[in-house]
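Fit chain to chain and form the complex, with the hints in mind.
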Amino acid sequence: QQQVRQSSQSLTVWEGETAILNCSYENSAFDYFPWYQQFPGEGPALLIAIRSVSDKKEDGRFTIFFNKREKNLSLHIKDSQPGDSATYFCAASVWGNMGYKLTFGTGTSLLVDP
Amino acid sequence: NSKVIQTPRYLVKGQGQKAKMRCIPEKGHPVVFWYQQNKNNEFKFLINFQNQEVLQQIDMTEKRFSAECPSNSPCSLEIQSSEAGDSALYLCASPGGAETLYFGSGTRLTVL
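Chains A and B are the protein sequences, given in the same order. According to this note's numbering, the first sequence is numbered sequentially starting from 4. According to this note's numbering, the second sequence is numbered sequentially starting from 1202.
Derived by calculation from the structure, the hints in this document are not laboratory data. Yeah, the Cβ is synthetic: ideal placement off N, Cα and C, and Gly gets one too. Heads up, some of the hints might be wrong.
Straight line, CA to CA, 30 Å or less: simulated DSS-like cross-link-like pairs of lysine-lysine [unchecked claim]:
1. B:K1204 <-> A:K59
2. A:K104 <-> B:K1214
3. B:K1221 <-> B:K1240
4. B:K1264 <-> B:K1221
5. A:K104 <-> B:K1204
6. A:K59 <-> A:K74
7. A:K104 <-> B:K1240
8. B:K1264 <-> B:K1240
9. A:K60 <-> B:K1245
10. B:K1245 <-> A:K74
11. B:K1245 <-> A:K71
12. B:K1240 <-> A:K74
13. A:K59 <-> B:K1245
14. A:K74 <-> A:K60
15. B:K1240 <-> A:K81
16. A:K104 <-> B:K1228
17. A:K104 <-> B:K1221
18. A:K104 <-> B:K1264
19. A:K60 <-> B:K1204
20. A:K104 <-> A:K71
21. B:K1228 <-> A:K60
22. A:K71 <-> A:K59
23. B:K1245 <-> A:K104
24. B:K1204 <-> A:K81
25. B:K1219 <-> A:K104
Quick look at which bits of chain B chain A covers, simulated, 3 or more residues with Cβ under 8 Å [unchecked claim]:
26. 1240-1248
27. 1301-1308
The following block holds chain B by itself, in its conformation from the complex (with noise of 0.2 Å):
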């Protein structure tokens, strides 16, 4: 199954505070997609890119949330100030064949 590789696991931060993952894709895959599943295991999409280009974003995204996938370096997604509300498990996921996408073990978020 998938090697979609996320650190940290786990992640707290204070209100406000700068919150970054990272993920480093299925054998070097250039797309990517995070998302967001809540305490009530609701996922969210929040954006996708191919290889240095968003593709896809929700308005959330647009206004706090950043992502990037540099050469040679992990994807990345930041969330600028982080707010209560973020607390959730990050997933990274890349394609591997057909039309499904492959899950990193995700980045557990905790907002004090």
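This is chain A alone, in the form it adopts within the complex (with noise of 0.2 Å):
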């Protein structure tokens, strides 16, 4: 069973248009949130991250918005540029003693038209 779901798999917006990418949950116990950007023939590279205990996270064009009571969140790209096209996975991770282990979704394929 999928314990990071995105819902969209791919999504195309046109250049200046904010994209709005969201990602949902299973376990409760998961406390920290970063969502990884990836070109192709790169691995994915951190974007932005949020804890449990906000509910925004803010980074120049990039907000993330998190419920925690529904289980979800949203990464929002603002003023979207046709450098943005790229994958975005949403993950989640649980702290424990094993560390930083990572569970993802399986990506939204963004296109941004100019």
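The following block contains the structure:
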């Protein structure tokens, strides 16, 4: 069973629009939620992350909205640019004695049309 | 961002052959993770260890996969006898603060 679920496999927006990528999770013990951006041929790169004690995290054009009660979160990309076209992975972790083990969603492929 | 270095970028092997890939973790960090990312973008945790000690690994890795991080040498992941289903992107990662991981660019393994 998918522990972290991303509702859209792909998303297309026009340049300048806000892209909204959704994610939900099953395990209430998850307490840290990073989003990774991956370009073809590269490894995933950390984009922005939020802890479960917060409901919003902003970094430039990127914002995470987090709803602990509903067990979902979303990544908003404001003023989308063609260079934002990539696959975005929502991930979750539980801090434990094994450290930083992450559970990933299967990604949303974002295309920003110029 | 991360400076986890993985080599080679691409690896092509025949079924039954050994496949070995290497990783230099972030600033010589003692904790290293290996993940497999398949063509469906599913990430599978394989193994992690601290210094030379395996902390956790899945059943798959216990049988055909081995990993090590010798002191003063790159970490490595080796598949003893490659199978077609092993074709994937293999990612090495090390912690960079908080509870998250920084990944290398990966080794793309193709098993013919």
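Honestly, which of those hints from before does the structure not fit? Violated hints: none at all, because every hint is consistent with the structure.
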